[in-house]
Amino acid sequence: MFFIGIFGFITRKNMIAILISLELVLNAVEINFAAFNRFLYPHQLEGMFFTLFGIAITAAETAVALAIIINAYRSVGNININNLNKMKN
Amino acid sequence: MEYSLFILIAPFFLFLVLGLLGMKMQPKVAGIIGTAGMGLCAICAYAVAYQYFFQTGKAGEEWQQLIPVNFEWLRFTEYLHIDLGILLDPISVMMLAVITTVSLMVHIYSLGYMHGETGFQRYYALLSLFSFSMLGLVVATNIFQMYIFWELVGVSSYSLIGFYYTKPSAVSASKKAFIVTRFADLGFLIGILILSYYTKTFDFGTLTANHAELVTNSFAGGTFMGLSLATWALALIFMGGAGKSAMFPLHIWLPDAMEGPTPVSALIHAATMVVAGVFLVARLFPVYFFAAPDVLTLIAYVGTFTALFAAIIAITQTDIKRVLAFSTISQIAYMMVALGVSDYGGHDGLGYMASMFHLFTHAFFKALLFLGAGSVIHAVHSNEMSQMGNLRKYMPVTNITFAIACLAIAGIPPFSGFFSKDEILAAAFHNHPLIFWTLWAVAGLTAFYMWRLYYCIFWNGNKTYSEHHKPHESPWTMAVPLIILAVFSVFSGLIPFAGFISSDNMPFHTHIDWLVASLSIGIGVTGIAVATVLYLRKSNRPAEIAQSLGGLYRAALHKFYLDEIWMWFTQTVIFKYICMPIAWFDRHIIDGAMNGLAWTTQKSADSVKGLQSGQVQFYAWVFVAGSVLIAVLVLFL
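As they're listed, the protein sequences go chains Y and F. The number in this note's numbering is simply the position in the first sequence, starting from 1, with 25 added. The number in this note's numbering is simply the position in the second sequence, starting from 1, with 36 added.
Check before you lean on any hint, since a few could be wrong.
Ranges of calculated distance between the beta carbons of each label pair, as one might list FRET restraints [as the list claims (entries may be wrong)]:
| hint | chain 1 | residue 1 | chain 2 | residue 2 | range |
| --- | --- | --- | --- | --- | --- |
| 1 | Y | 99 | F | 641 | 34 to 42 Å |
| 2 | F | 629 | Y | 94 | 41 to 49 Å |
| 3 | F | 629 | Y | 75 | 39 to 47 Å |
| 4 | Y | 45 | F | 667 | 22 to 30 Å |
| 5 | Y | 86 | F | 670 | 27 to 35 Å |
| 6 | Y | 28 | F | 631 | 47 to 55 Å |
| 7 | Y | 45 | F | 633 | 23 to 31 Å |
Pulled a few chain Y residues facing chain F out of the computed Cβ check, cut under 8 Å [stated by the list, open to error]:
| hint | residue |
| --- | --- |
| 8 | 27 |
| 9 | 31 |
| 10 | 35 |
| 11 | 106 |
Read the hints as simulated data drawn from the structure, not as lab findings. Just so you know, even glycine gets a beta-carbon here, dropped at the ideal spot from N, CA and C.
Hey, can you work out the whole structure from these sequences and the hints?
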C-alpha cells in the first residue's frame, strides 16, 4: 500500500490523484504504526496515539493541499502538475 | 650650522608654492618668487661655505665631517636604518656653492629666455624641485638618502626634458632619459643592497672611516664569479653613477636630453645632475680605493674611452647643443678618469682633488657655454650651425663670454679649465701613460671642436639676416648671468683647491708640472689653430676633409650608431628573447591555469544544472530510488 502510494505520487500528473496517493502513503504508515504497536508492545498505547495524531495532521494537510489546488486551478485553468511552472520562468 | 637645513627647505617650499599656486599667479610674479627664493638659498649656501672653510671646518689640520642635522627616518633592523640628514664636508659644501650659484644664474637667465612661454610657472616649480633634489643629493648622510634624491633628480630631469610636452621628440627624449638612467639605477640599488647587507650600515661616515675598514672586513672571503662581492657591489654602484653621468655605453640619453629648454640643459645636463655620478664615486672614494681597486681601474678605462669617443662625435655634430652635450660627456669622463687613476692620501691623491676641481670649474664654463648657446638660439631661433655665422656683430656680450668659456674648456691659461685639466693630466702622467696620452689627444680634440663651434656661430663668412629676423643681443636678464659666469670661468681656476679638498681630508700643496702643462697648452693651442684655419672663414676645406675620411666621418656623425645598437639590443634581444617568453608564460601558463579553473567549474555546473528541474515528483523518484538502493545495500552486504 505504501509503494502503491509512492508509485502514484511519482507517476500521476493530476494533482488530486497525487493528493490521493499521498493519503495512501500516510495511511499505510499509520496502519504500520498500529500493527507494529500491537505486535511489539501489546501493553502500551504509544503507537495508537501516534496514529491518531497522524490522522489529525493528515486531515489538516489535506485541507491545505486542496486549498492550494483550488487556487492553482483558478490561476492556471487546470490541475495538471506540469503546467505549474509559472514561478520558474 | 643648523641653518644649512634652510638650503634644502627653501627650494622645496618654493616648489610647493609655485606648483600648487603657480597657475593663479602672473608668470612674472612666479618667476621672481622662484628667483628670489633661489637667491636666498644661494646666500645661505655661501654662508655655510664660508663658515665651513674658514671657521668650523678644520679639526686640527684635517677637514672634518660635520652633521648638523640627522634624524632616523626608517628602521629596518637593529643595525640597519635609513636616516635623513645633512653632511657637510669639503666636497658637499663645494657642491652646495656650485649648485646654488648655477641654479641662481639659470633662474635669472630663464626670466628672459622663457619669457612668454606657456607653463612658465610650471617651469619654475620644476626648477625648484630639481634644485631641492640635487642639494639633498650632495648633502646626503647615507647612501640610501642619496639614492632617494638620486631618483628625485631623475624625475625632475625627466619632467624638464619633457617640458615641451606637445613636441613628440621632447616626449621621447624624456622617456629615453628616464628609462636609461632608471635602468642604470637598478644596478645602483642592487649595489646598495649588497653593500648594506654585508656592512649593516648605509652611513657614509661609517663606510669610509679608517680606510674603509668596515667594508674590507665585512666582505672578507665572499666571491661571485671570480670577483669579490665588494667588487661586485661597488661596480654596480658605479653603474648607477655611469648612467647618471652618461658614461659609455649608457650615454645615449644625454644628447637627446637637449630637447629640453636650454637653461635646463645648462643646469641639469651640464653643471649639476650629470656630475652626480662623479660625486658618488668621490663620496665613496676610500671604499673604492681600499675595498675594490679593480673597479677604480675599470672607471679609469671606461672614462678614458668615453672621453675620446664623445670628443670624436662632438667634432661632427652640427646642432650646437649636441656639440655641447657630447663635450659634457667627454669632460665628465675626464673627472671619472681622474678619480680612477687617483691614489689615496696627500699628494698621491691628486686625481681625487683634480676631479673635484674640474667638476667645479666645468660647472661654470659649461653652464656658461650652454647659456651662451641659449642666447644664440634665442636670437636665431634655430639650433643648427648652418643657420648661424657672423653673429659677433650682433651679439657682442654673448660673443665675448662664449669665447672666454671656449678658452677655459680648451685649457688655455690663465682660464680656469687650464688648471683643473692640467691637474687631471698630471695625475695620469706618471703611472698611466696610455690614459695620459689619450686624454692629451682628447684635450686637443676638445679645443678643436669648441673653437669650431665658436667660429661657426660667431664668424664664418658674411652671413646676412633678413631685416625682420635680425639677431639682437639678449635682454639684460640673460646677459647678466653670462657675465657673472664668465667671471667665474676666468678666475675659479686660481683657487688653491688642494688646500680645501683632498682624498684624505688633509690639505696639501700642488704645483704646476710644467712638462705636463706645456704639453697640454701645446695641444690646446694646436686644436684652436686648426679650427681657426678651417672655420674662421667659410671654405670648402672642412667638407673635403670629411669627404676624405669617408666612413669614419659618417659613423661619428651618426654617433657611431650607438642608438641603433641599443635599439636593436632592446628590440631584438630584450623584447624578443626575454619579454616575449615571459609574456607568453603569463598569458598561457598563469592566465591559462586561471581560465582552466573557471572553465572546469562552469562546465561541471552546466552538466548538473539539468537536474535542478523543480519537478518535485522527479526528486521524490530519485529519493525513493536512492533509499531503496541504500536499503538493499544495507540489507544484503
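We went through each hint and held it up to the structure:
1. 99/Y with 641/F: 34 to 42 Å: With Cβ atoms ~37 Å apart, the hint holds.
2. 629/F with 94/Y: 41 to 49 Å: Because 53 Å falls outside the window, the suggested range is violated.
3. 629/F with 75/Y: 39 to 47 Å: 58 Å Cβ-Cβ, so the 39 to 47 Å window is violated.
4. 45/Y with 667/F: 22 to 30 Å: Hint holds: Cβ distance 26 Å, inside 22 to 30 Å.
5. 86/Y with 670/F: 27 to 35 Å: Holds: the Cβ-Cβ distance is about 30 Å, inside 27 to 35 Å.
6. 28/Y with 631/F: 47 to 55 Å: holds, 50 Å
7. 45/Y with 633/F: 23 to 31 Å: Violated - the Cβ-Cβ distance for residue 45/Y and residue 633/F, about 50 Å, lies outside 23 to 31 Å.
8. 27: violated, 10 Å
9. 31: With a closest approach of 6 Å, the residue 31/Y hint holds.
10. 35: Because about 5 Å separates residue 35/Y from the closest Cβ in chain F, which is inside the 8 Å limit, the hint holds.
11. 106: holds, 7 Å
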